[in-house]
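Trainee: Sequence:
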Amino acid sequence: MTGTTLAHLNSCSKADFVTALANIFEYSPWIAEAAADKRPFAGVSELFATMRKVVEDAEPGQRLALIKAHPDLADKTQRGDLLTAESNAEQNSVGLDRLSEAEYDAFERVNTAYRDKFGFPYIVCVRRHTKDSILANFAQRLPNDAATEVAASIAEICKIAALRTDLLVKGDNPLKVHGRLSTHVLDTHSGRPAEGIEVELVELSKLGASRVIARTLTNHDGRTDVPLIGGRPMPIGRYELTFKVGAYFAARGVPLSDPPFLDEIPLRFSVYEPEGHLHVPLLVTPWSYGTYRGS
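With this note's numbering applied, the sequence shown covers 21 to 315.
Hints listed in this document are in silico derivations from the structure and should not be mistaken for laboratory results. Just so it is clear, the structure is predicted and the values come from calculations on it, not from any experiment. Just so you know, even glycine gets a beta-carbon here, dropped at the ideal spot from N, CA and C. A hint or two may mislead.
[To be verified] For lysine-lysine, the following DSS-like pairs were computed, each having C-alpha atoms within a straight-line distance of at most 27 Å:
#1 Lys-137 x Lys-179
#2 Lys-88 x Lys-137
#3 Lys-88 x Lys-179
#4 Lys-34 x Lys-88
#5 Lys-179 x Lys-58
#6 Lys-196 x Lys-179
#7 Lys-179 x Lys-34
#8 Lys-196 x Lys-226
#9 Lys-88 x Lys-73
[As the list claims (entries may be wrong)] Ranges between beta-carbon positions, derived for each pair:
#10 Gln-160 x Arg-231: 19 to 25 Å
#11 Leu-287 x Gly-81: 46 to 52 Å
#12 Cys-32 x Asp-117: 15 to 21 Å
#13 Arg-231 x Asp-77: 37 to 43 Å
#14 Arg-129 x Ala-85: 22 to 28 Å
#15 Leu-187 x His-209: 53 to 59 Å
#16 Glu-121 x Arg-59: 48 to 54 Å
#17 Tyr-47 x Ala-159: 26 to 32 Å
#18 Gly-211 x Val-232: 30 to 36 Å
#19 Asp-36 x Gly-81: 36 to 42 Å
#20 Arg-59 x Lys-226: 45 to 51 Å
#21 Ser-277 x Gly-216: 30 to 36 Å
Let the hints inform the model, and build the full structure from the sequences given.
Mentor: So this is what it looks like as structure tokens:
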């Protein structure tokens, strides 16, 4: 997906407008065609709101066709030319291209059960989820009736489209689709921010392998130079932050036991608001530590 500006979209031909936005909604350029006639747009949010209104006002058959245009999740047979570049990147971002056989089997069961019941693919905005939370979302939705799932699918499609719009179009009034995960470490033994502590963030998984999301060091303010997760939604799921405090205190000449009472401190927590700001700090001495949910 090649980037563009709102100014260009407001001034270009209708054909170029449609070409640029054709895959904001999967294989459904008719949405961009309808939105083109509403130009100019004051901001990116106004552009997206117009496209979303086109979907909301569409006939039931058109909305169902939009749902059916989406691929199954983690389907090996739909890789390559059958996936749009956008769908491929989205599925890869959550690791759906690198599943174990057990994970592939789990997703195949999800896809089959859902299609057998509703006759269309199970759709979720994967950039807002981890693999575990995708499967949990499926379990929550499968008991629904068809009308409820049509509405849920359209809502997820709009979340997908909002993120695609944010990636593609730069301009005033951007969409509020990003979250942020941050941390800081306070050395309460010395009463100052802890600089130089190694920090690792891992996304936990019940079914498959956990994966490292970030490795970094705290700076002079006890924080990381950039958020642990930023510039995108925080995927719903379970995480572990590990702080290597033993090496930090040893480097500062603090008397420690051998081995140190606290060497590496793991904090487990969950993300549940993808567009929110979650702050997970550490207050630490060589013999104690604490944390809380910050913002």
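Trainee: Hint numbers the structure violates, sorted upward?
Mentor: 8, 12, 15, 19 and 21
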